[in-house]
Amino acid sequence: MSLLDAFYRGLARTRQSIARVFQSGAAMPEELYDQLFEALLAADTGLGTAEALLDGVKRELGRKTSPGIEEIRASIEKQIIMMMQGQTDLNIGRGPISVILFVGVNGTGKTTTVGKLAAKLGREGHRVMLAAADTFRAAAAEQLEIWARRARADVVTHRVGSDPAAVVFDAISAAKARAQDIVLVDTAGRVQTRFNLMEELKKIHKVISRELPGEPSESLIVLDATTGQNALEQARQFKQAVGLTGAAITKMDGTAKGGIAIAIWRELGVPVKLIGMGEHLDDLYQFDPSAFAKALLDTA
Amino acid sequence: MMAFELLSKRLGDVFKRLRGKGKLSESDVQDALRQLRIVLLEADVNYKIVKDFLERVKDRAVGAEVLESLTPGLTVTKIVREELIKVLGEAQKPLQFNANDVTVFMLVGLQGSGKTTTAAKLARLLKKRGKNPLLVACDVYRPAAVEQLKAMGAKCEVDVYCGDQGLTPEEIALSAVRHAVSKAMDVVILDTAGRLHVDEEMMEEAARIKALTKPTEVLLVADAMTGQEAVNVASSFDSKVGITGVILTKMDSDARGGAALSMAAATGKPIKFVGMGEKVEALEPFYPDRMASRILGMGDALTFIEKAEAAFGKNEAIELERKMARQQFTLEDFLEQMKGIKKMGPLNEVLSMIPGFNKLPASVRGQIDESELKRVEAIILSMTREERANPSIINASRRRRIAAGSGTSIQDVNRLLKQFEQARAMIKQVYSKGKLTKLLS
Chain G
1 MSLLDAFYRG LARTRQSIAR VFQSGAAMPE ELYDQLFEAL LAADTGLGTA EALLDGVKRE
61 LGRKTSPGIE EIRASIEKQI IMMMQGQTDL NIGRGPISVI LFVGVNGTGK TTTVGKLAAK
121 LGREGHRVML AAADTFRAAA AEQLEIWARR ARADVVTHRV GSDPAAVVFD AISAAKARAQ
181 DIVLVDTAGR VQTRFNLMEE LKKIHKVISR ELPGEPSESL IVLDATTGQN ALEQARQFKQ
241 AVGLTGAAIT KMDGTAKGGI AIAIWRELGV PVKLIGMGEH LDDLYQFDPS AFAKALLDTA
Chain F
1 MMAFELLSKR LGDVFKRLRG KGKLSESDVQ DALRQLRIVL LEADVNYKIV KDFLERVKDR
61 AVGAEVLESL TPGLTVTKIV REELIKVLGE AQKPLQFNAN DVTVFMLVGL QGSGKTTTAA
121 KLARLLKKRG KNPLLVACDV YRPAAVEQLK AMGAKCEVDV YCGDQGLTPE EIALSAVRHA
181 VSKAMDVVIL DTAGRLHVDE EMMEEAARIK ALTKPTEVLL VADAMTGQEA VNVASSFDSK
241 VGITGVILTK MDSDARGGAA LSMAAATGKP IKFVGMGEKV EALEPFYPDR MASRILGMGD
301 ALTFIEKAEA AFGKNEAIEL ERKMARQQFT LEDFLEQMKG IKKMGPLNEV LSMIPGFNKL
361 PASVRGQIDE SELKRVEAII LSMTREERAN PSIINASRRR RIAAGSGTSI QDVNRLLKQF
421 EQARAMIKQV YSKGKLTKLL S
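Order-wise, the sequence lines are chains G and F.
Numbered according to this note's numbering, the first sequence terminates at residue 300, and the numbering increases by one at each position without gaps.
Numbered according to this note's numbering, the second sequence terminates at residue 441, and the numbering increases by one at each position without gaps.
To be clear, the hints were calculated from the coordinates, so they are not data collected in a lab.
Hints may be right or wrong, so weigh each one.
As the list claims (entries may be wrong) - In silico DSS-like links for lysine-lysine, alpha-carbon gap of 25 Å or less:
#1 G:Lys-202 <-> F:Lys-374
#2 G:Lys-203 <-> F:Lys-374
#3 F:Lys-127 <-> F:Lys-86
#4 F:Lys-279 <-> G:Lys-203
#5 F:Lys-93 <-> F:Lys-131
#6 G:Lys-202 <-> F:Lys-279
#7 F:Lys-58 <-> F:Lys-86
#8 F:Lys-128 <-> F:Lys-58
#9 F:Lys-51 <-> F:Lys-131
#10 F:Lys-240 <-> F:Lys-214
#11 F:Lys-58 <-> F:Lys-78
#12 G:Lys-206 <-> G:Lys-239
As the list claims (entries may be wrong) - Computed list of chain F residues with no C-beta within reach of chain G, every gap over 12 Å:
#13 Asp-31
#14 Glu-90
#15 Gly-109
#16 Lys-374
#17 Arg-399
#18 Arg-415
Yeah, the Cβ is synthetic: ideal placement off N, Cα and C, and Gly gets one too.
Whenever a hint applies, use it, and build me the whole structure from the sequences.
Following this line, the structure appears as structure tokens:
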């Protein structure tokens, strides 16, 4: 399945609601804009982003007395792509070992994403080490071990309750000894308002950059696509703690809207790099803004 | 920090504008409702639910009721609060048990909503109430899901039942119920796999488990941070499986929690519990009236007082409240309460229940941390009784002595004294707000 196919499946309902607006034959542009505004809100873009999108459309088409539906559609697509400018490929391979740190709140799918990415990078010929730095949640290490087996990657685990920074230290040492070139760090889920847990994350980050200067190459926040506007606050707080380089949006299957993808990129400059679609090992894709915009808006 | 915090702040701004006006015109109401629409949408309340909600508020707000009122701002506040409570469910709904037979509770929800953690929390709560619960691992799909439940069960000393390898979730659920009967256990909690509400096959599986085990409660475990999709999630689980209530998780985040309104409005099913953190004891009953008060920036004083009672004993709590009300709260009391506060739970969580606390800037709130308590304790212990009762006598030389005695710096002592003054000011605010709450109810 191609990324575009996957998006088409994932964004089916959002696309249908936008398509309904176009098909409703709302004669007056104002009325059409109102309905589009609601369709965008329903996709979790948030008020600010929905307004910015439609303002952009009005600016572009404003001179026309009655812009056609196809013109409006193409214009929104263009606005979305303009809001999502930047690199979406992972920044790896600068040094002998590239570290990717995964952070996020509980239950967004960090462990699953780490497992899938390990498999993807393995297929591409990388030698991958996983660090089970979630030493809090019961059976998190066991879960990562199962993913490691599936992905044929190595994994370093410590006992429940041990220092996550020590796990990271050991994983990096082991990767050096075994000449591996990628270390994926799975951290415990934490609600962004927990001060002490955010401090713990900073410590993990510090250990990585001390052991491998210039690393982590990527600090990715894992966001659940069904999350609403709190995703912005999550990204803001985690960015402050570890300086995010990107986001992975998970659970884009089903009816997930993913409008927050546009919002966090536009408002915080955090690019979306990975998209998780399902529970299978190969359900992880590099994000493509134009495929996303096309799938979101295609009314055919 | 506090659920609904930002929503509260926004609403506070709306109503501040309404306060102090003599009478409410229709355009005043319209303006307030426009603001309210933004507030609710930004809080992730579903846009359709927002429309309906505002219609009802408008119907009640515009007209005689408001115009006859002496305080129009309070009247609109009261109407919004009442309508919020109505949507969130009028009263707290207790769990339903089977009188003569083993009771089955079934937890369902999306992936990552917190079912396994919630199952363990629920088991612990039931055990505390004298029940003999059995946790059942029906998630045969997610790697290590069974191990997670086993570990959580061990933590709260509740038996965990996992079926033999190769059994279907339906078979595991059914044999677990039989196992519970044979062991004379009275409640079975089924932890099912996370599933998408549009996955027909998986929804049918959940419906089959329900048909086989006849649970008295089918609880949808949902993330408080859910966006617009909350309506579809709740409606789908309700129509395809049939739910009896909702448990809202991750409420210790700063999510505005509009999902609570969306789900309650879409299904008419009550929210029964809220998850407040990762510890097994962090499960609390849901109180619609308190939640509505929190939305309106009135804080969560009732929960605060209840927690204080549990930690200090009722008499001391009453004494504490009396002192707070008379603003006779001294550093001595401060010290005495410190140990009690530690018992009440994480400091930030406790403080967030105090009305007005959410109005403090996040940077200030972030500074408050547990280890600070120890330092504060040392400083107060280095003061004389007189100084504790009347901090205003603490001059420069006394400060030097206290800092030396407690192994801290003069800056630390200064900071504590300043914080204590702020705390006193905040307590004063609690009690002027308390009057407001009484006025409205």
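Is the straight-line distance between the alpha-carbon of F:Lys-279 and that of G:Lys-203 25 Å or less?
holds (22 Å)
Just want to verify: F:Arg-415 was marked as not at the interface with chain G; is every Cβ pair farther apart than 12 Å?
holds (18 Å)
Are G:Lys-202 and F:Lys-374 close enough, with their CA atoms no more than 25 Å apart?
holds (24 Å)
At 12 Å, judged by beta carbons, does F:Gly-109 keep clear of chain G as stated?
Incorrect as stated: the minimum Cβ-Cβ distance to chain G is 10 Å, not above 12 Å.
Verify the proposed pairing of F:Lys-240 with F:Lys-214, using a straight-line Cα cut of 25 Å.
Cα-Cα ~15 Å, so holds.
Hint check: G:Lys-206 vs G:Lys-239, CA-CA at most 25 Å. Holds or violated?
holds (15 Å)
Would you check the hint for G:Lys-202 and F:Lys-279, treating anything up to 25 Å between C-alpha atoms as holding?
Measuring from Cα to Cα gives roughly 22 Å; hence the hint holds.
Since F:Asp-31 was said not to touch the interface, does its Cβ keep a gap of more than 12 Å from each Cβ of chain G?
holds (17 Å)
Would you mind confirming whether the straight-line C-alpha gap from F:Lys-128 to F:Lys-58 stays at or under 25 Å?
Not OK: F:Lys-128 and F:Lys-58 at ~45 Å, beyond 25 Å, violated.
Does F:Lys-131 lie within 25 Å of F:Lys-93 when you go C-alpha to C-alpha?
At roughly 19 Å apart (the allowed maximum being 25 Å), F:Lys-131 and F:Lys-93 satisfy the hint.
For G:Lys-203 and F:Lys-374, compute the direct alpha-carbon distance and say whether it is at most 25 Å.
holds (23 Å)
Run the distance test for F:Lys-58 versus F:Lys-78: straight-line Cα separation, threshold 25 Å.
Holds - the C-alpha atoms of F:Lys-78 and F:Lys-58 are around 13 Å apart, at most 25 Å.
Checked against the numbered hints given earlier, the structure breaks hints 3, 8, 9, 15 and satisfies all the rest.
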